[in-house]
Amino acid sequence: MEKFTKLTGIAAPMPLVNIDTDMIIPKQFLKTIQRSGLGKNLFDEMRYDREGIEIADFVLNQSAYRKAEILVAGDNFGCGSSREHAPWALLDFGIRCVISTSFADIFFNNCFKNGILPIVLPQDQVDVLMADARKGENARVTVDLEAQTVTTSDGRSFGFSVDPHRKHCLMNGLDDIGLTLEKAAAIDSFEAKATTLRPWA
Amino acid sequence: MAPRTLYDKIWDDHVVHQGEDGTCLLYIDRHLVHEVTSPQAFEGLRMAGRKVRAPEKTIAVPDHNVPTTLDRANAATMTEDSRVQVATLDQNARDFGIHYYPVSDVRQGIVHIVGPEQGWTLPGMTVVCGDSHTATHGAFGALAHGIGTSEVEHVLATQTLIQRKAKNMKVEITGSLRPGVTAKDITLSVIGHTGTAGGTGYVIEYCGQAIRELSMEGRMTVCNMAIEGGARAGLIAPDEKTFAYCMGRPHAPKGAKWEAALAYWKTLFTDEGAHFDKVVTIKGEDIAPVVTWGTSPEDVLPITGTVPHPSDFTGGKVDAAARSIDYMGLTAGQKLTDIKIDTVFIGSCTNGRIEDLRAAAEVLKGRKIKVKRAMVVPGSGLVRAQAEEEGLAQIFIDAGFEWRLAGCSMCLAMNPDQLAPEERCASTSNRNFEGRQGYKGRTHLMSPAMAAAAAITGHLTDVRELMGETV
Ligand code: SF4
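Protein sequences appear in the order of chains A and B.
Residues 1 to 201 (this note's numbering) are what the first sequence spells out, left to right.
Residues 1 to 471 (this note's numbering) are what the second sequence spells out, left to right.
In short, the hints are calculated from the structure, not lab data.
By construction, the Cβ of each residue, glycine as well, lies at the ideal position given by its N, Cα and C atoms.
Don't take every hint at face value.
Unchecked claim - For each label pair, taking beta carbons as the anchor points, the in silico distance ranges come out as:
{"#": "1", "chain 1": "A", "residue 1": "A184", "chain 2": "B", "residue 2": "D271", "range": "47 to 57 Å"}
{"#": "2", "chain 1": "B", "residue 1": "L262", "chain 2": "A", "residue 2": "T195", "range": "15 to 25 Å"}
{"#": "3", "chain 1": "A", "residue 1": "A186", "chain 2": "B", "residue 2": "A420", "range": "47 to 57 Å"}
{"#": "4", "chain 1": "B", "residue 1": "P250", "chain 2": "A", "residue 2": "A184", "range": "28 to 38 Å"}
{"#": "5", "chain 1": "A", "residue 1": "K67", "chain 2": "B", "residue 2": "E362", "range": "54 to 64 Å"}
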């Protein structure tokens with residue numbers, strides 16, 4: 001997993017609430033057995049018409065936002081299915097950070113496993129960032145994970161909180177499985193105990 | 001010891017390790033796997049030279065992609081990428097030595113129906129699956145939630161999951177349900193009440209008389225949609241109904257192990273005075289048969305209602321409601337019962353069990369459909385066989401329904417069962433998102449009885465008007 005430390009980039013505004021994972025990556029693209037290559041189908045049904053022609057007013061089709069690395073979104077971003085194809089598609093497109101007032105739980109988890117930072121901020125601060133994002137490509141937002149701050153193009157800065165374990169993994173690009181396998185002895189002894197307590201399980 | 005909730009108890013019994021910052025390593029008793037969210041996880045194992053730590057606790061079944069038409073044994077009914085995904089699962093199940101129900105097995109079906117049916121899901125267990133509707137298994141008092149593919153790989157390799165404890169929410173449904181009102185109406189009404197983000201950060205425990213009065217199948221319907229309310233999991237304390245359901249299932253314990261299990265399961269309830277961070281109480285008698293009008297499961301109204309106006313909402317929901325109404329091709333103020341239906345879909349892990357088929361068949365018996373197409377997709381091969389034995393299949397066929405083989409089918413339309421643009425469907429599934437059942441398709445969620453009623457009249461219908469009539 002790629003490290004995430006600091007990012008300065010274009011933020012795309014997506015004020016719609018309840019953007020679900022079916023919108024982020026429709027199911028016809030879940031048939032892949034790989035993780036890569038999903039970026040071209042990110043938001044597919046909002047981004048292209050039936051003939052595959054770009055829908056001009058969709059935000060990521062506008063020239064200012066084609067290289068966006070941050071999304072500022074409405075409430076409850078990523079609700080719906082557990083498909084990790086949603087963060088894979090975001091990442092493949094180039095999005096490394098999503099900012100919203102709230103995220104669905106599984107999507108939120110999945111982001112951290114893929115080097116994407118989801119940031120929760122209160123409504124008034126999301127509103128400020130949304131307005132900043134609307135300024136287009138000259139408005140660069142800076143996300144500093146170490147300092148836990150988001151800074152708008154005109155220098156307004158907001159602090160955010162992040163789980164310390166997740167921050168550590170993200171900043172160092174660590175893979176969870178490796179870390180957990182270091183605790184193999186604890187898993188062994190748990191299993192031995194559980195087999196006696198709950199032999200049917 | 002301080003009084004604990006059911007969630008606290010299951011959690012405590014599965015903590016392998018707790019870090020200083022509160023991050024826990026949680027042991028996983030059952031890992032269910034399907035073809036869509038697992039290939040990259042198995043590939044990850046292979047690349048790292050890792051094995052499945054507990055293959056005996058890992059169960060795989062293809063369900064999302066598989067065709068449900070009778071000719072599905074013919075490879076040509078699948079697109080190439082779907083075929084590759086199913087073949088990849090076949091191969092991974094063999095290579096890693098996990099339990100497997102291939103498409104040709106009568107026990108094959110939707111993963112969340114197969115797990116309980118085969119006795120893999122038992123009270124007090126932790127159950128995960130790379131699928132958000134894993135919440136279904138909470139009906140047994142098992143802590144069950146959906147995970148992403150990276151976590152699937154993590155569980156395959158370590159049989160644990162890195163977790164932080166969620167908050168406790170109690171959802172109490174008091175009293176009894178009125179006639180014509182079902183588990184689906186409960187679960188949709190709760191989401192209508194709390195919103196799709198209302199449960200975010202929580203594990204919900206459903207309780208109260210109306211929940212106790214539900215069958216195990218009804219309880220699975222309720223827990224299935226906990227995720228649609230944003231909750232990490234839904235739980236219902238096990239009771240005599242739970243134990244009776246589990247007894248004798250192929251993978252349920254037998255003999256002395258059964259007795260030991262039963263003694264443990266009887267300790268699985270929320271202690272008097274245990275703390276909940278949030279409590280929601282709904283009167284069972286206030287719940288009506290409901291349908292969704294929009295493109296979020298929170299867009300729920302009693303069938304007697306009218307399509308709302310965007311200005312009825314506040315904040316971001318104003319624009320979202322306008323977008324939904326437009327997408328759904330509706331007009332604000334329109335009576336819900338005036339909405340014409342093209343297609344009816346009965347099935348999915350929410351409502352694809354035998355009782356769901358019985359409820360629909362009861363409404364359909366001796367009647368004919370007025371919609372363009374209607375299909376029943378049983379949740380598993382065994383549900384299908386039982387429905388045939390009970391004569392339900394014939395009722396569906398006589399009414400004009402297609403009688404299909406088991407799978408997810410039009411719940412998410414990854415196989416050929418899809419809506420055409422603007423085709424309007426009365427569906428017993430769980431998501432009405434844009435494009436969920438097919439590009440530009442329009443989905444109204446409801447119970448099996450309500451879907452059957454819509455099939456007969458050709459428009460959204462209050463099933464109570466069809467009940468008790470002699471035909
Ligand atoms: S029936 Fe629908 S919700 Fe259930 S597992 Fe299949 S696709 Fe997911």
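Point to revise | Hints that the structure is at odds with (numbers, increasing) | key: Number 1 - this is the single hint that the structure violates.
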